[in-house]
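Residue numbers (this note's numbering), protein chains in the order written: chain A, 1 to 193; chain B, 1001 to 1131.
No wet-lab data here; the hints were simulated from the structure.
Every residue gets a Cβ at the ideal spot worked out from N, C-alpha and C, and that includes glycine.
Misleading hints may appear alongside valid ones.
Computed beta-carbon distance windows for the label pairs [as the list claims (entries may be wrong)]:
no.	chain 1	residue 1	chain 2	residue 2	range
1	B	Asp1030	A	His54	20 to 26 Å
2	B	Glu1058	A	Met141	27 to 33 Å
3	B	Val1120	A	Tyr121	30 to 36 Å
4	A	Ser137	B	Asp1110	48 to 54 Å
5	A	Ala65	B	Gly1028	24 to 30 Å
Here are some, though not all, of the chain B residues that point toward chain A, as calculated from beta-carbon distances under 7 Å [unchecked claim]:
no.	residue
6	Thr1012
7	Met1013
8	Arg1015
9	Ser1070
10	Gly1084
11	Arg1092
12	Pro1106
This is what each chain is made of:
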Amino acid sequence: MTVDAGADDRALQVAAEFAGAALATIRPACGTTLPSVIVTLQGIIQSTETAAQHVLDAADRSSAAVARLRDGVTLLSSAASREIPETQEAWDDVSQSLEVLGTAIARIGDDMQFQDLTAQYLRAAIDTIEELQEQLSQVLMILPSGAADEQAAPGRLAAKLGSPAMVAPWRQELADHLTKERNADGAAKASQA
Amino acid sequence: MTRILVVDDSPTMRRIIATNLKSAGFDGIDEAADGRVALIKMLRSTVDLLIVDWAMPEMTGLELLRALRSAPSLRDLPVLMITGVGAEEDIREALEAGVNAYIIKPFDADTLAEKVNDLVGPRPTVPGGRP
Chain A
1 MTVDAGADDR
11 ALQVAAEFAG
21 AALATIRPAC
31 GTTLPSVIVT
41 LQGIIQSTET
51 AAQHVLDAAD
61 RSSAAVARLR
71 DGVTLLSSAA
81 SREIPETQEA
91 WDDVSQSLEV
101 LGTAIARIGD
111 DMQFQDLTAQ
121 YLRAAIDTIE
131 ELQEQLSQVL
141 MILPSGAADE
151 QAAPGRLAAK
161 LGSPAMVAPW
171 RQELADHLTK
181 ERNADGAAKA
191 SQA
Chain B
1001 MTRILVVDDS
1011 PTMRRIIATN
1021 LKSAGFDGID
1031 EAADGRVALI
1041 KMLRSTVDLL
1051 IVDWAMPEMT
1061 GLELLRALRS
1071 APSLRDLPVL
1081 MITGVGAEED
1091 IREALEAGVN
1101 AYIIKPFDAD
1111 TLAEKVNDLV
1121 GPRPTVPGGR
1131 P
């Protein structure tokens, strides 16, 4: 059996290049993207918590208003029906509508449970990402860093993986640049016309 | 007055549970954001029912429950667990640890009222409460 040393060398070289390219992607993902994803997920938990509290505040105020309206309707209904019997049906309708409204408001408040459940899923995802980041960091510490790491595009990678908190300034610069470009192009076409 | 302690790290959940309890006619409601605070509150004042979440930082609901069941003065306290944890083995674990009733989130007001009434007895209907 003959051994093709040249083929082995080429295979090793290809493997090394592949590993180098993979490292160039993994390093920024570990150092930049994963932390920014964690920050973003934590931000979502906080913002949905605040929003849920606002919804519950509004639900509480609405429930109190419905209770006052219910009392008022009961009082007005009994007084008015004596004077104008035809209005009784309308008062009954209002009372039923208030019951429907009260039930709907209570349902809105109860459905805010989704915030807690969503937050629990997000916290589990954050724990997983942190664990993955820790393991990746340990692996990367024992591997050599190369020039390719510096040339990687963490912003592009982060955008693909969805980390708006980290790449927002970069994306805004791009948006401003493209807007200026488009405006300039539009102005040029207008002057030609 | 029935004294109920609601333990959940989510302010939203504490508020929803408390609102539902008030609508069901229960007024003596206290809250705690984690198991440690709850334990201190229970040691300092009388509680008739503990409503507890499972997944909480610092001290989980199950850890709190085990601490309760090892304390002679709190061993028989009724405990209702309200949690998003719904796997069969988890429910079994909670029941074996001493949970008296178990509600899986998201819950509805009727389920909560039914379980609480089973544990501490029904309250009079609140005027203007839930239809």
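Comparing the hints with the structure gives:
For Asp1030 of chain B and His54 of chain A, the Cβ-Cβ distance of about 24 Å falls inside the hinted range of 20 to 26 Å, so the restraint holds. At roughly 31 Å, the beta-carbon separation of Glu1058 of chain B and Met141 of chain A lies within the given 27 to 33 Å, and the hint holds. Roughly 32 Å separates the CB atoms of Val1120 of chain B and Tyr121 of chain A, a value that falls within the hinted 30 to 36 Å. Take Ser137 of chain A and Asp1110 of chain B: their Cβ atoms lie about 50 Å apart, and the range 48 to 54 Å holds.
Checking the proposed 24 to 30 Å range against Ala65 of chain A and Gly1028 of chain B shows it holds: the Cβ atoms sit about 26 Å from each other. Checking Thr1012 of chain B against chain A by beta carbon gives a least distance of about 4 Å; that is within 7 Å, so the hint holds. With a least beta-carbon distance of about 5 Å to chain A, the hint placing Met1013 of chain B at the interface is held under the 7 Å criterion. Residue-level restraint check for Arg1015 of chain B holds (minimum Cβ-Cβ distance to chain A is 5 Å; threshold 7 Å).
The interface hint given for Ser1070 of chain B is broken, as the beta carbon of that residue sits about 27 Å from the closest beta carbon of chain A, more than 7 Å. Interface restraint check: Gly1084 of chain B against chain A, minimum CB-CB distance 5 Å, threshold 7 Å, status holds. Using the Cβ-Cβ criterion of 7 Å, the hint placing Arg1092 of chain B at the interface with chain A is not satisfied: the shortest such distance is roughly 20 Å. With 7 Å as the threshold, the beta carbon of Pro1106 of chain B comes within range of chain A, its nearest partner Cβ sitting at about 4 Å, so the hint holds.
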